[in-house]
Amino acid sequence: MNLRFIAHDFKANLKQWGRSKGTVFWTILFPILLILIFGSIYSDTGDVRYSLCIQDLDDSTHSQSFLGILQNVSLLEIKELDSDVNITEYIQEHDISTALRIPLGFGSKIDQSFINQDTTAEIIYYFDPSQQTTTSIVQTILSSILQEYNLAVTGGRTVVVLSDSATVSEDFEFIDFFIPGMIGFTIMTSCIYGSIERNTKYRKDGILRKMLTMPVSRTEWIFAKMLFMLFLSFLSTAVILSFGFFVWGLSIHLNIFIFIIIIATSFLFSGIGMIIGRFVKEEETADMAGGAITFPMMFLAGTFFPLEQMPGYLQSIAQILPLYYVNESLRNAMIFNNLDKTLFFTGAVILFACVFFIIGAVVTKWKED
Amino acid sequence: MVYKEVQCPSCKEIIPVSGVPGEIKKISCPRCNKVGKVTFANTVPLQDDAIMVSGLRKEYGDLVAVNDISFTVRRGEVFAFLGPNGAGKTTTVEMIESIRKPTSGTIKLLGNDIRSSFDKVKERIGILPQEFHSFERLTVIETLQYFSILFQKKADIEDILDAMDLQHVRNKLYKELSGGLKQRVGVAISLVNDPDIVFLDEPTTGLDPKARREVWEVIKTLKAKGKTVFLTTHYMEEAEFLADHIAIIHKGKIIAEGTLEDLIQTFGHGSILHLRRCNNKQIGNILKEEGFNIMNQQNGNISISIDYTDKILDILSILRHEAIEYQSIDIHRPNLEEIFLHLTGAKLQGDNT
Ligand SMILES: Nc1ncnc2c1ncn2[C@@H]1O[C@H](COP(=O)(O)OP(=O)(O)OP(=O)(O)O)[C@@H](O)[C@H]1O
Ligand SMILES: [Mg+2]
Numbered sequence: 001m002n003l004r005f006i007a008h009d010f011k012a013n014l015k016q017w018g019r020s021k022g023t024v025f026w027t028i029l030f031p032i033l034l035i036l037i038f039g040s041i042y043s044d045t046g047d048v049r050y051s052l053c054i055q056d057l058d059d060s061t062h063s064q065s066f067l068g069i070l071q072n073v074s075l076l077e078i079k080e081l082d083s084d085v086n087i088t089e090y091i092q093e094h095d096i097s098t099a100l101r102i103p104l105g106f107g108s109k110i111d112q113s114f115i116n117q118d119t120t121a122e123i124i125y126y127f128d129p130s131q132q133t134t135t136s137i138v139q140t141i142l143s144s145i146l147q148e149y150n151l152a153v154t155g156g157r158t159v160v161v162l163s164d165s166a167t168v169s170e171d172f173e174f175i176d177f178f179i180p181g182m183i184g185f186t187i188m189t190s191c192i193y194g195s196i197e198r199n200t201k202y203r204k205d206g207i208l209r210k211m212l213t214m215p216v217s218r219t220e221w222i223f224a225k226m227l228f229m230l231f232l233s234f235l236s237t238a239v240i241l242s243f244g245f246f247v248w249g250l251s252i253h254l255n256i257f258i259f260i261i262i263i264a265t266s267f268l269f270s271g272i273g274m275i276i277g278r279f280v281k282e283e284e285t286a287d288m289a290g291g292a293i294t295f296p297m298m299f300l301a302g303t304f305f306p307l308e309q310m311p312g313y314l315q316s317i318a319q320i321l322p323l324y325y326v327n328e329s330l331r332n333a334m335i336f337n338n339l340d341k342t343l344f345f346t347g348a349v350i351l352f353a354c355v356f357f358i359i360g361a362v363v364t365k366w367k368e369d
Numbered sequence: 370m371v372y373k374e375v376q377c378p379s380c381k382e383i384i385p386v387s388g389v390p391g392e393i394k395k396i397s398c399p400r401c402n403k404v405g406k407v408t409f410a411n412t413v414p415l416q417d418d419a420i421m422v423s424g425l426r427k428e429y430g431d432l433v434a435v436n437d438i439s440f441t442v443r444r445g446e447v448f449a450f451l452g453p454n455g456a457g458k459t460t461t462v463e464m465i466e467s468i469r470k471p472t473s474g475t476i477k478l479l480g481n482d483i484r485s486s487f488d489k490v491k492e493r494i495g496i497l498p499q500e501f502h503s504f505e506r507l508t509v510i511e512t513l514q515y516f517s518i519l520f521q522k523k524a525d526i527e528d529i530l531d532a533m534d535l536q537h538v539r540n541k542l543y544k545e546l547s548g549g550l551k552q553r554v555g556v557a558i559s560l561v562n563d564p565d566i567v568f569l570d571e572p573t574t575g576l577d578p579k580a581r582r583e584v585w586e587v588i589k590t591l592k593a594k595g596k597t598v599f600l601t602t603h604y605m606e607e608a609e610f611l612a613d614h615i616a617i618i619h620k621g622k623i624i625a626e627g628t629l630e631d632l633i634q635t636f637g638h639g640s641i642l643h644l645r646r647c648n649n650k651q652i653g654n655i656l657k658e659e660g661f662n663i664m665n666q667q668n669g670n671i672s673i674s675i676d677y678t679d680k681i682l683d684i685l686s687i688l689r690h691e692a693i694e695y696q697s698i699d700i701h702r703p704n705l706e707e708i709f710l711h712l713t714g715a716k717l718q719g720d721n722t
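Line order of the protein sequences matches chains A and B. First residue of the first sequence: 1, per the working numbering; consecutive thereafter. First residue of the second sequence: 370, per the working numbering; consecutive thereafter.
In isolation and in its complexed conformation, chain B is listed as follows (with noise of 0.2 Å):
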């Protein structure tokens, strides 16, 4: 069924109408009566979303890993999977490779329901599984060489080297690399068939700061290539950085999902504010006393939720009055983290500050 709104040509009035790609409807305008004809386009949507998944459920025995969710994909998003470790990315995604059976749902790849159809979807997509090595005796060129071969769909691969920045590394052995020019290799083999989608497993899981933003910048050149990225992490601010569109995934469940804003928005009442290094450690109980939500402390630093802008004033005459000294003081818009915090009671990551 599709919807479609006209417009009365008589009166103008808006009318809605559904029907079957290629009808062509008669309708008559509820508010002037006259009749006329609406034709349902036959190429039925104007794009396939490149991934839809309802309702999909995964059990092990008695523990449910992925618990009935529900996501749309569009092409040329990326859309980072966010949840900390056992939330269920690494099911879901792998649900959505095919390499997982489904307890129950559906999962459609580029229009395509992959229970009856993964095989014509395969050169369209491109994988970095988890954990991903790959022969540890080929070197980089051979390795996408090898990987090459076995697609109808080939990107040249010289591109690819280019675009990944790993042209001074193509004749090393892929066992001689650092960690994070083997996620690299990774993400580079994975778009060796010039895939619409590609689907990465915590690329960045394990790297330094440093290579975990080369790898950052190698999924920016994705997305500018168009590519619809799908990207599991449980670093918040790789989702921030990233990501168009973020779904967390708690326990097997979808606790939020939007745009960065969307989630701040919904989840992130007001700001915080934020004090280090106070000389008085009872700073915590005093302004709970003043009726204050505090968030965190920990000698001397401290986190208070703040909903008025007003109440920032208050906070400074209360720190006046009681002549507390600080080293500093600031005020922020809940990020990921805080908001994960406040949907879920439990910290994302403990390694990402």
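So here's chain A without its partners, still in its complex pose (with noise of 0.2 Å):
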């Protein structure tokens, strides 16, 4: 194996790489810019009020006061849930991140604690904690406006307090689902592609033909080229991951299973280009076969939209599309946590990118005929 020329080749693909705004585009920018759009489609954050469902139990004076005081509030959006609601499933049911429940007893415990000063009058803020940046600005809001209160009714002396109340929810947000889909996404893209130029437009530019006559193997070649893909590859990831992180708060489990997945997931892709520039020799037309092929498959596969909102032949269509297994152990992985359900989806990528790279490295020519 020579080393040398993999580091240095290597390093031309960087070069290359960064001075191509295409790619840099499709890898980085791309991605983040689906995010954003999808994100705030998916997501409340994007408006400038926060909605807060509130109810109260106690229904008394002083309850209906403070819930006066928080309907002027004009950062936040009130919406009044009936007393007979569970409040926690109706938070999940419903994709709300934040909530206020007023308990029985808040008036009479707040005129108590005129008698007994140790007496406070608690209210409960129920909040999704993966809405990290919502949750957080309501959370600030409600507690500058409870100081005012806490003057306002007993002149300085703290009687009302907010108690936290996280509702660690199943349902997870549509961030969640759709970050772990975007990454397989991006993967698969410049996968499919490079490996796509690699083998359509390096044969036609003499490239391929030039490598046959110097001292080079197949195998190094491959693996210079793979690498610099593996490269490309927790690039995007990080850097969806990052935004992720900051823009919508999103948290990560980070394990080896993440990494096994990205690197199976990049030669399965890579595999599969190499199959495609094998068969259709024109570039144009590769680059075309090369969307035939993802373009469905992103939305066949659960990508954007989870497939139980999908009729139940698409869902079985989904079974046997690779794209689906790298979302499901994506997602399983970084999000769930479900190790039975990781190992399982992680072993079919593995498998699948196996099978494709094996086919997709014999089948690949140099030679001409």
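Derived by calculation from the structure, the hints in this document are not laboratory data. Don't take each hint at face value.
A few chain A residues that face chain B, going by a derived Cβ cut-off under 8 Å, partial list only [to be verified]:
(1) Ile6
(2) His8
(3) Ala12
(4) Lys21
(5) Gly22
(6) Val24
(7) Glu89
(8) Arg209
(9) Thr213
(10) Met214
(11) Pro215
(12) Arg218
(13) Thr219
(14) Lys365
(15) Glu368
(16) Asp369
Once the Cα atoms are required to be at most 30 Å apart in a straight line, the calculated DSS-like pairs of lysine-lysine come out as [unchecked claim]:
(17) B:Lys489 - A:Lys367
(18) B:Lys522 - B:Lys470
(19) B:Lys522 - A:Lys204
(20) A:Lys15 - B:Lys622
(21) B:Lys544 - A:Lys21
(22) B:Lys620 - A:Lys365
(23) A:Lys225 - B:Lys406
(24) B:Lys622 - A:Lys204
(25) A:Lys225 - B:Lys622
(26) A:Lys225 - B:Lys544
(27) B:Lys394 - B:Lys406
(28) B:Lys544 - A:Lys367
(29) A:Lys365 - B:Lys394
Which chain B residues stay away from chain A? Per the calculated CB distances, all over 12 Å, these [claimed, not checked]:
(30) Pro378
(31) Asn402
(32) Thr460
(33) Gln499
(34) Leu507
(35) Glu626
(36) Phe661
Cβ coordinates follow ideal geometry from the N, Cα and C atoms, glycine included.
Please dock the two separately framed chains into a single complex, following the hints provided.
Laid out in structure tokens, this is it:
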């Protein structure tokens, strides 16, 4: 193995990649753009007003005056819940990130506090921890309102306090669902197109023919290129994850599986690209063939929309698509932290990767007829 | 088997003998019967030929793209493989470069059969494939370094840049270069391992005349450096200008081979008389009736093949007799284009006047 060549090839690829606006766009900016667009469509954080559900179980003059104050805060959009609603279930079902419960006895506790100064009246704040930005903003607003309210009611003594209650929801946010899909999709496109380019453009341009007449083996060449593809895959993943983290407050479980899945995925789709490049000779046609494979796969494999929302026959189609296994393995490893499912789907991805990469490497011909 | 001629020391008779290298052979003079020994040198030939092709054939299904051709290219020669589109040039050169597999035939590069020992000669050849495009987003210097890293034997990149006159664009991206410069970079890439043989497949196709001239200069430099150059082209001036040795290939067969001088001697009889802008369009018919061989005529421009110098005077007197006026008259030796026309009845390539 000519390591010097491999290192040199990596450097050359990096330079070329950095100089090509197109590839930088597709591997970094495009995913960010998609995250932003989809994220804003499906998340309420884009609003200037934060919606807050309130369940008033006390229904006293005190609770009603407190409610009145909240309703006058222009940043908040208040939605009142009936007293018979189970607040945690409601939150999960309706994808709500913040809610407030004024418990029974709120008003009487305030009254009592004038006699016994140790008495406090609690209100309970429910929030979805995966929606960090929204929930902390709402919390800040609530705290400052409470300060003023305490001042007005008791002249400075703290009587009403906020107690936290995170609703750990099994229903994940759209962004949790979306980010792993985005990673799978980005790796898929950059590997398939990268591989197609190497096998059609380089063939047409005579670069492969030149390589054949030089002291470099096919294995070294493929190895060098795969190294670079892996680098790109990890780069895209890192960018998408940081963006998810900083903008949408995504929290993921980092583990060895993510690593393995990304490597296997890169080999898997590079293999598919090699197969396309072998059978479709012209560059443009090959790009179209690449699109014809990636585009439907993106929709059918549950990249951007949960499969459960799709008709049954489409769900069974997904079962045969490699990207489906990539998406599911990433979701289970990163978000759901479900070991059994992670093992199963990761295994499937590795299997697909072996099959496609080996077929790809075998059918790829350097020699001309 | 090596052949040799020895002179008999007593009667001075020249005696042909043959033997295997390393053999010491006893012979007797057929004239004076004197007995002596002849030693055959152990190191075989003086030098291997650069390229030896014999009985090379390539079939694509029913199409015979290369039809049992044989030729030898000597070291240090610029060999032009001249032929029209689809003649089989690329197929041949890529079989020699071990990129395509011959249907049958033998190819030796620097004495090595490429079927068994192509890896051995990789370090010693440099190729420029037809319509080669290098990596678009590497600079010229980066490109040369990239290809250079693969070889054990390395030429000095600065020297290559100087020789190919590329110093002024060394830091330009490949994609920003003009077609002529790209081709020169292509030639430069083929030199990074200081090869003995350089293969250039149509290095000037698609270039304007100025850029073509520049590539020619570069090829001259290669020859001056003692490299063997295998050049394919469909431009006859290119072969005339550059080549020491020309093979004309047509429909997969070599129809003529030799030096330019050889080809003109063998295939181009006599000379060609060219009249420009005659005022009488009937001139062709008049001369034809007189028994002249009209090669080409078009709107008063006419080419006549002439085997004896006397015929020139005949034509002049006909022109005077018929009171035909013309703008110019010239007589020249046939060029490759006309030889090709003569051999095949077809034109080599339209765009090279
Ligand atoms: N891979 C292939 N499969 C089938 N036929 C081919 C193949 N490559 C070349 N041919 C045919 O073989 C013949 C010779 O082609 P070749 O490319 O060697 O010609 P050429 O002399 O290099 O022409 P050009 O000047 O156009 O480059 C042509 O008729 C061509 O169509
Ligand atoms: Mg050709």
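Right, here's what the structure says about each hint:
1. Ile6: At 10 Å from the nearest chain B Cβ, A:Ile6 fails the 8 Å test, so the hint is violated.
2. His8: Given a least distance of 5 Å, the restraint on A:His8 holds.
3. Ala12: Holds. Min distance 5 Å.
4. Lys21: With a minimum Cβ separation of about 10 Å from chain B (threshold 8 Å), the hint on A:Lys21 is violated.
5. Gly22: 11 Å, violated
6. Val24: Since the shortest Cβ distance to chain B is 12 Å, the answer is violated.
7. Glu89: 56 Å, violated
8. Arg209: 5 Å, holds
9. Thr213: 5 Å, holds
10. Met214: Status holds, d = 5 Å.
11. Pro215: 5 Å, holds
12. Arg218: 13 Å, violated
13. Thr219: 14 Å, violated
14. Lys365: 11 Å, violated
15. Glu368: Constraint on A:Glu368 satisfied, holds at 5 Å.
16. Asp369: 7 Å, holds
17. B:Lys489 - A:Lys367: Given that 30 Å is the threshold and the Cα spacing comes to 18 Å, the pair holds.
18. B:Lys522 - B:Lys470: 27 Å, holds
19. B:Lys522 - A:Lys204: 28 Å, holds
20. A:Lys15 - B:Lys622: Since the Cα atoms of A:Lys15 and B:Lys622 sit roughly 46 Å apart, the hinted pair is violated (cutoff 30 Å).
21. B:Lys544 - A:Lys21: 14 Å, holds
22. B:Lys620 - A:Lys365: 27 Å, holds
23. A:Lys225 - B:Lys406: Roughly 63 Å between the alpha carbons, so the hint for A:Lys225 and B:Lys406 is violated.
24. B:Lys622 - A:Lys204: 27 Å, holds
25. A:Lys225 - B:Lys622: Outside the cut-off at roughly 41 Å; violated.
26. A:Lys225 - B:Lys544: 21 Å, holds
27. B:Lys394 - B:Lys406: Holds. B:Lys394 to B:Lys406 sits at ~6 Å (cutoff 30 Å).
28. B:Lys544 - A:Lys367: Cα-Cα ~26 Å, so holds.
29. A:Lys365 - B:Lys394: The given pair, whose Cα atoms are some 52 Å apart, is violated under the 30 Å limit.
30. Pro378: With a cut-off of 12 Å, B:Pro378 remains clear of chain A, as the shortest Cβ separation is near 52 Å.
31. Asn402: Holds: least Cβ distance 57 Å, greater than 12 Å.
32. Thr460: Nearest chain A Cβ is 9 Å from B:Thr460, so the label is violated.
33. Gln499: 7 Å, violated
34. Leu507: 6 Å, violated
35. Glu626: 25 Å, holds
36. Phe661: It holds; B:Phe661 is separated from chain A by about 48 Å at its closest Cβ, greater than 12 Å.
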